[in-house]
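Work out the full structure, taking the sequences as your base and the hints as a guide.
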Amino acid sequence: MCCLSDEKIAFIREEVANALSRKKITRIRIDRETIKELCKIVGEKGKIYVDDEEARAAGFEKALVPPSIVLSILSPFISDFFISRLNRDIIREIKGFIHAGSKVYFFKPLYTSNEYVVEIMLSAISERKGKKGKRYIVTDVDVSLFENTGDIVFKDMHRVFLRVV
Amino acid sequence: MLRYGNVNEGDKIPPITVVISREKLNAYCKVTKEIVPIHFDEKVARALGFKTVVVQGVFSFSFIPKMLTEWIGNPTCIKEIEVSFIAPLYPEENVTFTGKILRKYEKDGERLLECEIWAEKENGEKIIDGTAVISIQ
Chain R
1 MCCLSDEKIA FIREEVANAL SRKKITRIRI DRETIKELCK IVGEKGKIYV DDEEARAAGF
61 EKALVPPSIV LSILSPFISD FFISRLNRDI IREIKGFIHA GSKVYFFKPL YTSNEYVVEI
121 MLSAISERKG KKGKRYIVTD VDVSLFENTG DIVFKDMHRV FLRVV
Chain C
1 MLRYGNVNEG DKIPPITVVI SREKLNAYCK VTKEIVPIHF DEKVARALGF KTVVVQGVFS
61 FSFIPKMLTE WIGNPTCIKE IEVSFIAPLY PEENVTFTGK ILRKYEKDGE RLLECEIWAE
121 KENGEKIIDG TAVISIQ
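Residue numbers (my numbering), protein chains in the order written: chain R, 1 to 165; chain C, 1 to 137.
Honestly, the hints are just simulated from the structure, not real lab data.
Even glycine gets a Cβ: it sits at the ideal position worked out from N, Cα and C.
There could be a bad hint or two in this list.
Stated by the list, open to error - Some chain C residues well away from chain R (every beta-carbon gap over 10 Å; in silico):
1) L2
2) P15
3) R22
4) Y90
5) E93
6) N94
7) T96
8) T98
9) R111
10) E114
11) E116
12) E122
13) N123
Said to hold, decoys possible - Not the full set, but computed from the structure, chain C residues with beta-carbon under 7 Å of chain R:
14) K33
15) V36
16) L48
17) V58
18) S62
19) P65
20) T76
21) I78
22) E80
Given below as structure tokens:
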């Protein structure tokens, strides 16, 4: 196992905090093909997730995005937030990115093929010592999904451990 | 659809058991454009101390909303879910998702259930622990 000094870990933490400090705002349109493929993988069989008519008959605007796959759809945005912001030297020091937990809120139904605004921001950063001397930088990242009107639809408070030793 | 009057504190949430095959994991990695190597690169996963590639937390998480919406019979019943991923899940392992009602209550005219939720492997090892708040009619 490699050894990093406390100073080096503090330096990495500072670099991570600086790199992730700016809020990232992007847009997403959840396409039907992705929904179909993820529904198949997860085993979601409800027709309201793939058929607009079925969804309307159940009282919805159109086909819904199943709650089971919302995090999966946002996952590439979260990975990209880390990878595109952190410089190569820092990424080299990180042995692994570990999704340690999430707190998610569903405020409104999500609809297939609607456009949403995705906001990602670092909300907290700390350090943790794990079993067998492993060391982590703990990042709490808030991922929020808004309608074009500004109404919030979904929020994930996503905790990622960056293993540095 | 399940009704508020038909559930009680302590009731168990009907479990769902799944096995995520390597094929499904590969398909999931492709659809979600996975870039973290421990989920698809055996060598990297082993070098980090894992038995093999690890199923993504977001993938295993999927079965919690699925379990809850199927149980209640309403795709928009979930208010919030909080989970901790406490142990890795590997492909081809048998894992059961379940939970129980901790509290039924009304708030601002809405009928709610607070539930404990978890997922465990066949050997009893918990991989996910958490809570959920569900709206019910």
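How the hints compare with the structure:
1. L2: 16 Å, holds
2. P15: 14 Å, holds
3. R22: 13 Å, holds
4. Y90: 15 Å, holds
5. E93: 16 Å, holds
6. N94: 15 Å, holds
7. T96: 14 Å, holds
8. T98: T98 of chain C is indeed farther than 10 Å from all Cβ atoms of chain R, at 16 Å.
9. R111: R111 of chain C is indeed farther than 10 Å from all Cβ atoms of chain R, at 16 Å.
10. E114: 14 Å, holds
11. E116: About 15 Å separates E116 of chain C from the closest Cβ of chain R, which puts it past 10 Å; holds.
12. E122: Since the minimum Cβ distance to chain R is about 19 Å, E122 of chain C lies beyond 10 Å and the statement holds.
13. N123: Given that every Cβ of chain R is farther than 10 Å from that of N123 of chain C, nearest at about 19 Å, it holds.
14. K33: Holds. Min distance 5 Å.
15. V36: Because about 5 Å separates V36 of chain C from the closest Cβ in chain R, which is inside the 7 Å limit, the hint holds.
16. L48: Hint on L48 of chain C: holds, closest Cβ of chain R at ~5 Å, below 7 Å.
17. V58: V58 of chain C check passes; min Cβ-Cβ to chain R is 4 Å, inside 7 Å.
18. S62: 4 Å, holds
19. P65: 4 Å, holds
20. T76: OK, holds: T76 of chain C within 7 Å of chain R, min 5 Å.
21. I78: Holds. Min distance 5 Å.
22. E80: 5 Å, holds
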